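Novice: Here's the letter readout for the chains.
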Amino acid sequence: MPIQIIINLIIAVLWMFLFESYSFSTFFIGYLSGIVLLLLMERFIPDRFYFYRLWSIVKLLFLFIKELIMANIQVVKLVYSPKLKMEPGIIAVPIEVRTNWEITMLANLITLTPGTLSVSVSPDNMFIYVHAMDAPDADEVIKEIKGTFEKAIMEVTR
Amino acid sequence: MKEIVISIILIIGTFFLFSGALGVFRLPDVYTRLHAASKSATLGVAGILIAAFLFFWIEQNMVSGKLVLGIIFILMTAPVSGHMISRAAYQKGVPLWEKTTRDDLKSSSNKTNTRG
Numbered sequence: 001m002p003i004q005i006i007i008n009l010i011i012a013v014l015w016m017f018l019f020e021s022y023s024f025s026t027f028f029i030g031y032l033s034g035i036v037l038l039l040l041m042e043r044f045i046p047d048r049f050y051f052y053r054l055w056s057i058v059k060l061l062f063l064f065i066k067e068l069i070m071a072n073i074q075v076v077k078l079v080y081s082p083k084l085k086m087e088p089g090i091i092a093v094p095i096e097v098r099t100n101w102e103i104t105m106l107a108n109l110i111t112l113t114p115g116t117l118s119v120s121v122s123p124d125n126m127f128i129y130v131h132a133m134d135a136p137d138a139d140e141v142i143k144e145i146k147g148t149f150e151k152a153i154m155e156v157t158r
Numbered sequence: 001m002k003e004i005v006i007s008i009i010l011i012i013g014t015f016f017l018f019s020g021a022l023g024v025f026r027l028p029d030v031y032t033r034l035h036a037a038s039k040s041a042t043l044g045v046a047g048i049l050i051a052a053f054l055f056f057w058i059e060q061n062m063v064s065g066k067l068v069l070g071i072i073f074i075l076m077t078a079p080v081s082g083h084m085i086s087r088a089a090y091q092k093g094v095p096l097w098e099k100t101t102r103d104d105l106k107s108s109s110n111k112t113n114t115r116g
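These protein sequence lines map, in sequence, to chains A and B.
For the first sequence, the numbering used here begins at 1 and goes up steadily by one.
For the second sequence, the numbering used here begins at 1 and goes up steadily by one.
It is worth saying that the hints were derived from the structure and are not from the lab.
Restricting the straight-line Cα-Cα distance to at most 30 Å, the calculated cross-link-like pairs of lysine-lysine (DSSO-like) are:
no., chain 1, residue 1, chain 2, residue 2
1, A, K143, B, K99
2, A, K59, B, K66
3, B, K106, A, K151
4, A, K59, A, K151
5, B, K106, A, K83
6, A, K85, B, K92
So the derived label-pair ranges between C-beta atoms look like this:
no., chain 1, residue 1, chain 2, residue 2, range
7, A, I6, B, E98, 56 to 64 Å
8, A, D47, B, E98, 50 to 58 Å
9, B, E98, A, I73, 24 to 32 Å
10, B, W57, A, P123, 46 to 54 Å
11, B, A88, A, I69, 23 to 31 Å
12, B, P28, A, P46, 53 to 61 Å
13, B, A21, A, L39, 46 to 54 Å
14, A, F49, B, F18, 45 to 53 Å
All figures in this text were calculated on a predicted structure; none of them were measured in a lab.
Ideal Cβ placement from N, Cα and C applies to all residues, glycine included.
Next up, chain A with everything else stripped away, as it sits in the complex:
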């Protein structure tokens, strides 16, 4: 993957020299044409084209923003309702991601999603303990975390 980024940067700089205008917009156009060139020559360069990974990072970012807005709407609903109807509890969620970076991302995502707050990580990195607003439907919480966030994170890192 690093070699592809270097090739892309070289194409962009080459583009700037060919046009003899050294501004950011020329660099950007050169970078875009570099992406197109790399996409056309995907068969000849080693490793998967890095733009796919970039695309999954963008998808993860949008998931993050969507969940953050949903979580805020839920908090607003809870705060302005006259009676507090919730059954909080701490749920152990088994996780498959192993590296520190992935676990940090997952814990951050969990904290910013509706009704969940990451409290602790077990010492052997097997479980993440989640404080949920509605503990009785624990299976749904686990399914959502594993199906949506963990999958999106693993798409970026693996």
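Take the given structure of chain A and dock chain B to it, following the hints.
Specialist: Structure of chain B alone, referenced to chain A:
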């Protein structure tokens, strides 16, 4: 028109901040309060920063990188602080709300202590 859009984003941001503060006031224990604090503070501050960014961009034609960086750092740091406060509270033994239905961490923490 521009002023209206910017004002609406500002009002949304402050509304979420206000709801978060009200949540901290109303909810029963540390953990449920952190739910309100960590989520609405993030979106509230991000909304205000986005409004400021749009204002500088439209009115003064200036792209302010500092405001974008502020949004990114708020998104990264607010959940970490929420996680750390709740973890510290649990290890210090702050009690859960009496209507709490389950506690998986309790059964595991007498076997092994959670990581520092």
